[in-house]
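Chains as they are written, first to last, in the numbering used here: chain C, 121 to 512; chain W, 121 to 512; chain H, 121 to 512; chain L, 121 to 512.
If you are wondering where the hints come from, they were derived from the structure by calculation, not from laboratory data. All values reported here derive from a predicted model rather than from experimental measurement. Nothing false has been slipped in among the hints.
All copies of an identical chain are treated as equivalent in the list; a pair is satisfied when it fits inside any one copy or across any two copies.
SDA-like, lysine to any residue: derived pairs with alpha carbons at most 25 Å apart:
{"hint": "1", "residue 1": "K124", "residue 2": "D140"}
{"hint": "2", "residue 1": "K396", "residue 2": "Y123"}
{"hint": "3", "residue 1": "K445", "residue 2": "P149"}
{"hint": "4", "residue 1": "K445", "residue 2": "Q508"}
{"hint": "5", "residue 1": "K445", "residue 2": "H128"}
4 protein chains.
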Amino acid sequence: MPYKPGRHFLQIPGPSNVPDRVLRAMDRPVIDHRSAEFAQLGLECLNGIKSVFQTSNPVVVFPSSGTGAWEAAMTNTLNPGDRILAFEIGQFATLWAKMAGNLGFRVDVIPGDWRHGIRMEELAQALARDSGHEIKAVFAVHNETSTGVTTDIPGVRRTLDEAKHPALLMVDTISSLASIDYRHDEWRVDVAIGGSQKGLMLPPGLAFNALSKRALDANRQSKFPKGYFDWGAMLDNNTRGYFPYTPATNLLYGLRESLLIFQEEGLQAIFARHKKLAQATRCAAQHWGLEMVAADPSEYSNTVTALFVPDGFREQDLRALILEKFNMSLGAGLGKVAGRAFRIGHIGDLNELMLGGTLCGVEMGLELAGIPYRAGGVNAALRYLTTQAKAS
Amino acid sequence: MPYKPGRHFLQIPGPSNVPDRVLRAMDRPVIDHRSAEFAQLGLECLNGIKSVFQTSNPVVVFPSSGTGAWEAAMTNTLNPGDRILAFEIGQFATLWAKMAGNLGFRVDVIPGDWRHGIRMEELAQALARDSGHEIKAVFAVHNETSTGVTTDIPGVRRTLDEAKHPALLMVDTISSLASIDYRHDEWRVDVAIGGSQKGLMLPPGLAFNALSKRALDANRQSKFPKGYFDWGAMLDNNTRGYFPYTPATNLLYGLRESLLIFQEEGLQAIFARHKKLAQATRCAAQHWGLEMVAADPSEYSNTVTALFVPDGFREQDLRALILEKFNMSLGAGLGKVAGRAFRIGHIGDLNELMLGGTLCGVEMGLELAGIPYRAGGVNAALRYLTTQAKAS
Amino acid sequence: MPYKPGRHFLQIPGPSNVPDRVLRAMDRPVIDHRSAEFAQLGLECLNGIKSVFQTSNPVVVFPSSGTGAWEAAMTNTLNPGDRILAFEIGQFATLWAKMAGNLGFRVDVIPGDWRHGIRMEELAQALARDSGHEIKAVFAVHNETSTGVTTDIPGVRRTLDEAKHPALLMVDTISSLASIDYRHDEWRVDVAIGGSQKGLMLPPGLAFNALSKRALDANRQSKFPKGYFDWGAMLDNNTRGYFPYTPATNLLYGLRESLLIFQEEGLQAIFARHKKLAQATRCAAQHWGLEMVAADPSEYSNTVTALFVPDGFREQDLRALILEKFNMSLGAGLGKVAGRAFRIGHIGDLNELMLGGTLCGVEMGLELAGIPYRAGGVNAALRYLTTQAKAS
Amino acid sequence: MPYKPGRHFLQIPGPSNVPDRVLRAMDRPVIDHRSAEFAQLGLECLNGIKSVFQTSNPVVVFPSSGTGAWEAAMTNTLNPGDRILAFEIGQFATLWAKMAGNLGFRVDVIPGDWRHGIRMEELAQALARDSGHEIKAVFAVHNETSTGVTTDIPGVRRTLDEAKHPALLMVDTISSLASIDYRHDEWRVDVAIGGSQKGLMLPPGLAFNALSKRALDANRQSKFPKGYFDWGAMLDNNTRGYFPYTPATNLLYGLRESLLIFQEEGLQAIFARHKKLAQATRCAAQHWGLEMVAADPSEYSNTVTALFVPDGFREQDLRALILEKFNMSLGAGLGKVAGRAFRIGHIGDLNELMLGGTLCGVEMGLELAGIPYRAGGVNAALRYLTTQAKAS
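Hey, can you work out the whole structure from these sequences and the hints?
Now the structure itself:
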């Protein structure tokens, strides 16, 4: 392939840009995963990741993608044939429900338009219908990566409480963790699902389950056959910093470095930064006149912005043009919005000028693709960012 | 921790030493796993790994440890409650059988002394007893990492053939792949299980299933609930170089580099090198007067040598001393031989002088630990290696 | 230090951004500099660098900064007390002349306003005055890094020819090499001076002298005492790929990789890219209403743009603000324009979106610093770049 | 080239093995060498390196090889035509004297047999002859890399003192620094010369001058023309952590990491380790029956051992065989001992097992080359090392 000068702009909503420090931390020899040196690494990672989930409960780490952590959430807490309540709010919510079906669970899927998060009244109704408490788990995606829509997880918790429904609350934090405020304990989530390749600023290959006491109780009752993803042996080994099978050591080196970085920048500062960069992105989008997939401002995502292209245009053409001309990857439209919406990822190790370059690429791409837009979106973003910088 | 000068000697039987070239190949930004650039990477890896298994059938790659690939082998081909035949020849054979039990399969375990591989007559008898062909799978570990014992896989195949038994043959190649000759197609293995962190010279985090036509047929009949490890979506996506969920991209960068290295050195040369270094290790062990766990010379492993310490000594003390004084990690005794045998890994990216240093460390450790031994084991190894070098 | 999220924007006119590929190529063990493997590396570098200078004559490589290559140019070709003609066109031209003085040469410096390159009429007059051909060397800086002004080297050559003056022509290509078209042989330059840390996309630490036949002849006559920078032993050892003393091996690894990249992108494409990105920068500057230090459009640099801040403002304040708020380094004003002009580096491994981000940072910085400017400079650049992208 | 499995053994007396930590520290983007961040790096390096020289005087750092630091030592303190006293004790001592001659100094070279260091009586006589104090500098090589002979620097100092001779004492510490105890201030050395690629465990590319008050005084009187290597501008810029021209930033990253490592291991522990590994090497050599080039045990080097091959054999054949068969680089015979002696480097980041592998390679090489030797040299080394380990 001919050399593409300069840095590639990886502005998909994950995998995200891995800081050089993290890449370097992983670029070292593997160590014996039964050694004292490893145990120290293991404990640093297992303890450190708790603060990111804002939990004091155990967090289980698998060598897998986030999909594996979904499976783990179900198979560790439920029994064959259990009923699950899910909401079709986007591609990943849908995939998760589908996987539950494949695993033999009965899944009630509340349909959606892919432009909103979970609507509390629909959740309340579904729970009310389930007077027998057949529903054992409610699935919620905190930030739907395919649409840029966040769901109000405290609202979900409140609705469950108000319904006095004992279903476990399972939350996908894959594209919110370490980017959008997520409070595992305060919100009393039972199982959270996370992945390494987004806000944690790591390459893909690690996945997480943050647990609750109730989840651990459910685990003891669960008869679902499980092996690789079994929490039991994990938790037992983890107490001493070890894992029941060979862990992905080099990704743990990376995780340790990411956790250090989080301490240096501070979680609250990270959330504020994501909010600021997301808002700048929306300023540009609004100026361009592109409609957001997220219909409700209260649900706008701070890690990904999905934008419709006007009728008569295909998002894949726009993205291909931008990739070819400007060496930037944007996120594809998925599922229901395939062909109609593209996504700008603004998650992880990002700053104003990287976002500036990103928006420049989108604005030039719109022009090249012949898509009607109002020039000056970058400008609008800069005005917003300058105001923010003045205030800081 | 105070600095330990020089290189650590990682002489456990995996994870093995990762060549700098491979570490460097992984030390680069993640790319979009939906891009054309990724597809090229995916295809190179998926095609290239076939030659390592010596197969023309598909090889499935999971972001997981080898344990995950075991689970995948079972859940993709069997049905709930199926009967499996397994042999307790060592720690990993035992763990695999135990996992099968946890997943709800019925497992017949033929007991063993952990010093031999599968005995063909015991296999033949077990198959003969199963006239109703209830046994759906036979588990075999090609190279038992815990004992340094190899099993004659062509013999297993022959025995199955002679019994005209239709059970699927599943082979764990985790510590033999790319180090000891393994011929998936020629030996008509149905599912092979592999991992990244041994002969493939990668960090842990990838696992493999090499398939057969019969395995694919069985997959279509399998009703076992599965999600993450489902071959179906994998094989479908793999045809275009993609994966159904986020792959461990950076490990794939590494795999591509390892595959290049294999082409440069040549698989046959790699097998010969492992044989030579293993033989040199055994020369030293014999000279020292340490008994091998592997009782039958025809089953000696070319990737790991497990050696008993004399009664009255503990292998963990020896290893701790060697780690402290000479900065070398050796493999612990596991399961039945815990406390009694230690293991020297000689797998992967290794050469004569690295092995020389390793044996120096063991010989000095024996002296320091006060273990009775005959000095000159290193010498004996050098004599053998010199003879080999003269002949080459 | 608190973590600064995202990538630092290193937009000084060198050291420039080192591609990850080049950093990775250097991140490997040193090899024996007397080995056959090294000789291959040496020959690849020594041959490859010729094409970058567009010469078939030898290029000498020193472990040093560019300053060392300046010294080498003089001490290898001149004799103590020789007369040199230099032009005070900017900071580096001035430093070079000063160094010549320190080394005991007699230097005639033609004064300048730091806003123009060498004026041919002034050169012609100086040569005409020197009817005795006392002047042994003429110094020219191809691209004055401190001001963003290029000098017409073919014009200098022509002027020397027309004057029939035998002085050696010495050209500083430090911030033009591999970025702005430089033709060593065609322009009959006698000694060119280059450094690793700009267009060659390497860290600092290597410096270059491209030679001519006349320079080699002069070298044989030179009585100037010299040691480290002596071409003689260099050229002798270089024929076999070696060096007379320990070379900076890891930087040579990097150079080999840069040379590969040049082959992939193509020198002409690289020159065109620098021209395009420079033009885009000037579009922004013009829109902002900031005056360029370079007064003559025919002398605008394609690697660095120096811009005056209005009276009453200090460039160092602007840069400090941009560094603090937006994590970008810009070039300081040097010498005569210190405090009055800042510099935007656009040299080396750069693309449209990196430049976009850079210009966003400058525009926001102007706003924050309260410097009068017309908003929309980034927009103006994007319009230009879009037009260029359409045409490509 | 076909892949050479395992690690290359780089056992030349420098460049030495670079720890992965140091390579990783250098594998990061360049920073602005005029920034506050750089100043911090500069100060850490400039202060830290003093402790390695055991001096409280300034240490100057050049982007160059050690040869450049030699030149700097002379041109900064002497005047054209000054007389220098040198001793032909090996290749590097000879080269240094030759360079002095090339630079126009008058050099008195006391001949030697390349098997001894400076003999104090010869030094005393030479000083006594120089009643007019024409000799302005005495050159001494602390550890002659070509022969493995150390010179008693305190003895040299004492002899100068006793002669009441004011000549500056210049000491080459290139292959002793940070490996063999060198005390700049205590021994009242005036200029020490060092390089990055040996005991400092860095790639080549940095060189050092440690100074004394007298050297600084001499510098003020020196009329020798100088540019690149001028201490003046260096010292001036260094006070604030900067350099007068672009420094080799990435090597400074590496130096900072090496300095950290020195703190962790401790200089005294490093000297003791080098002594132990050198002694083990000599045990092997003695057992093999190979004669050392160093004739006097009190002058044995702790960083390099040069060994004669018996008459009728060529050291280059032995080395070529070892490189081909066992992937190890040994040092060539240089100058007077070319063809007759090879060198084992044991400097820098080395431990017992790396040395064990090294000696295994030499012993096997002797056998393959048909050189008469007594088998068991490795054994002898192990016995010594085991005794040492017991005592520690």
